[in-house]
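*Asks:* Whole structure, please, built from the sequences with the hints as guidance.
Residue numbers (this note's numbering): 1 to 333.
One thing to keep in mind: the hints can contain errors.
[Unchecked claim] So the derived label-pair ranges between C-beta atoms look like this:
{"#": "1", "residue 1": "Pro281", "residue 2": "Asn250", "range": "42 to 50 Å"}
{"#": "2", "residue 1": "Thr148", "residue 2": "Ser278", "range": "20 to 28 Å"}
{"#": "3", "residue 1": "Asp307", "residue 2": "Arg150", "range": "36 to 44 Å"}
{"#": "4", "residue 1": "Ser242", "residue 2": "His272", "range": "27 to 35 Å"}
{"#": "5", "residue 1": "Val53", "residue 2": "Pro311", "range": "42 to 50 Å"}
{"#": "6", "residue 1": "Lys119", "residue 2": "Gln251", "range": "40 to 48 Å"}
{"#": "7", "residue 1": "Leu198", "residue 2": "Lys118", "range": "24 to 32 Å"}
{"#": "8", "residue 1": "Ser278", "residue 2": "Leu322", "range": "20 to 28 Å"}
{"#": "9", "residue 1": "Val282", "residue 2": "Thr148", "range": "17 to 25 Å"}
{"#": "10", "residue 1": "Leu322", "residue 2": "Ser279", "range": "23 to 31 Å"}
{"#": "11", "residue 1": "Asp157", "residue 2": "Ile326", "range": "33 to 41 Å"}
{"#": "12", "residue 1": "Gln243", "residue 2": "Ser105", "range": "17 to 25 Å"}
{"#": "13", "residue 1": "Ile326", "residue 2": "Asn176", "range": "32 to 40 Å"}
{"#": "14", "residue 1": "Leu322", "residue 2": "Gly194", "range": "21 to 29 Å"}
[To be verified] The list that follows gives simulated cross-link-like pairs (lysine-lysine, BS3-like), each with its CA atoms no further than 25 Å apart:
{"#": "15", "residue 1": "Lys101", "residue 2": "Lys119"}
{"#": "16", "residue 1": "Lys166", "residue 2": "Lys196"}
{"#": "17", "residue 1": "Lys196", "residue 2": "Lys331"}
Don't read these hints as lab results, they were simulated from the structure.
Bear in mind the structure is a predicted one, so any value in this text is a computation, not a measurement.
Beta carbons: idealized from backbone N, C-alpha and C, even for Gly.
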Amino acid sequence: MATSMLCSVPGPRPFGLASLFRRRPPRDAWEPVRRLPGPSAVRRSVAAASGPVIPGSHLYCLELLRKRDYEGYLCSLLFPAECQKSASALRAFNVELAQVKDSVSEKTIGLMRMQFWKKAVEDIYCDNPPHQPVAFELWKAVKKHNLTKRWLMRIIDEREKNLDDKAYRSIQELENYAENTQSSLLYLTLEVLGVKDLHADHAASHIGKAQGIVTCLRATPYHSSRRQVFLPMDVCVQHGVSQEDFLRRNQDKNVRDVVYDIASQAHSHLKHARSFHSSVPVEAFPAFLQTVSLEDYLKKIQRVDFDIFHPSLQQRNTLLPLTLYIQSWRKRY
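*Replies:* Now the structure itself:
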């Protein structure tokens, strides 16, 4: 189907497939933030007679998000005031885990960092968080919202298994990875918002899968520059495309067909998630604002006829803050 459409229809292929202005924490907050230890710092208990405290830990999380997950940073600012710190803590926790794979030269070091976070979560639920700003904010979120430990551990376990530099064997394997990481993060975010609803959980599952697929697509140019390809092998084989085609940044029809099929799967999950819109409690909508950036990417890659290496796909959407704000005001996802 994809092949025939490419041959007969010039320009983008149709599939039905946008928040806040850039806000930063105050400048005078950066100095104490920069002095805070990272995940590899020596751990020590923060329990004291006056209670645990790490000055600037929330600002540390915000700055981490602003640099490493700008879209998540914008979304967290649109949460209800009483949930913003917890939401940003969860996103920062996700960033800490996500950047392990790209920041270590050996798998053993990556495993050590994952072990740090496993122990950190165990200590958080023993009311003894490590002296690390993200872990400290996560501890506060756990105490405030009684977050489910299983989801946190599932994210760590799945990220740990993904430390191997191997392509996904199938689109199903990529979806399973997304379910255990991105969807689990959304289940926790719903708990922060106080939402316990089956329809919201179903929507979160599909949005998380869409997020995982889009993230894999968006990272392809970066990974190819490091001579790595993680796109599902079954889709590549179906169209007769090899990993070398992506490493050489080929732009022929078969390569675009691979991207089209994968992007279409992400779009399908978005569409399915939105089918629950009328049944999902409005209180859950802040958790799903990331659909705006997902749809934005899918529209952009459609406009360039699924050329995954097109420079426009690497450019930040300057209207994203406004679009997010409008969607938040309209109570839509």
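*Asks:* Evaluate each hint against the coordinates.
*Replies:* Each hint tested on the structure:
A hinted range of 42 to 50 Å for the beta carbons of proline 281 and asparagine 250 is consistent with their spacing of about 46 Å. For the pair threonine 148 and serine 278, the beta carbons lie near 27 Å from each other, so the given range of 20 to 28 Å is met. Here the CB-CB span from aspartate 307 to arginine 150 is close to 40 Å, well matched to the stated 36 to 44 Å. As the Cβ distance of serine 242 to histidine 272 is approximately 31 Å, the hint placing it in 27 to 35 Å holds.
Valine 53 and proline 311 have their C-beta atoms about 46 Å apart, which keeps the hinted 42 to 50 Å range intact. With their beta carbons about 46 Å apart, lysine 119 and glutamine 251 fall inside the hinted range of 40 to 48 Å. Our hint of 24 to 32 Å for leucine 198 and lysine 118 holds, since their Cβ atoms are close to 30 Å apart. Roughly 26 Å separates the CB atoms of serine 278 and leucine 322, a value that falls within the hinted 20 to 28 Å.
As the Cβ distance of valine 282 to threonine 148 is approximately 22 Å, the hint placing it in 17 to 25 Å holds. Distance hint check: the CB atoms of leucine 322 and serine 279 are about 28 Å apart, consistent with the given range 23 to 31 Å. The hinted range of 33 to 41 Å is satisfied by aspartate 157 and isoleucine 326, whose Cβ atoms lie roughly 37 Å apart. Range check, glutamine 243 to serine 105: about 22 Å between beta-carbon atoms, so the 17 to 25 Å window is met.
In this structure the supplied range 32 to 40 Å holds for isoleucine 326 paired with asparagine 176, their Cβ-Cβ distance being about 34 Å. A beta carbon spacing of about 28 Å between leucine 322 and glycine 194 agrees with the range 21 to 29 Å that was offered as a hint. The hinted pair formed by lysine 101 and lysine 119 meets the criterion: a straight-line CA distance of about 19 Å does not exceed 25 Å. Under the criterion of a C-alpha separation no larger than 25 Å, the hint pairing lysine 166 with lysine 196 is inconsistent with the structure, at around 36 Å.
At most 25 Å may separate the alpha-carbon atoms for a hinted pair to count; lysine 196 and lysine 331 meet this at roughly 18 Å.
Hint 16 alone, counting from the list given before, is not met by this structure.
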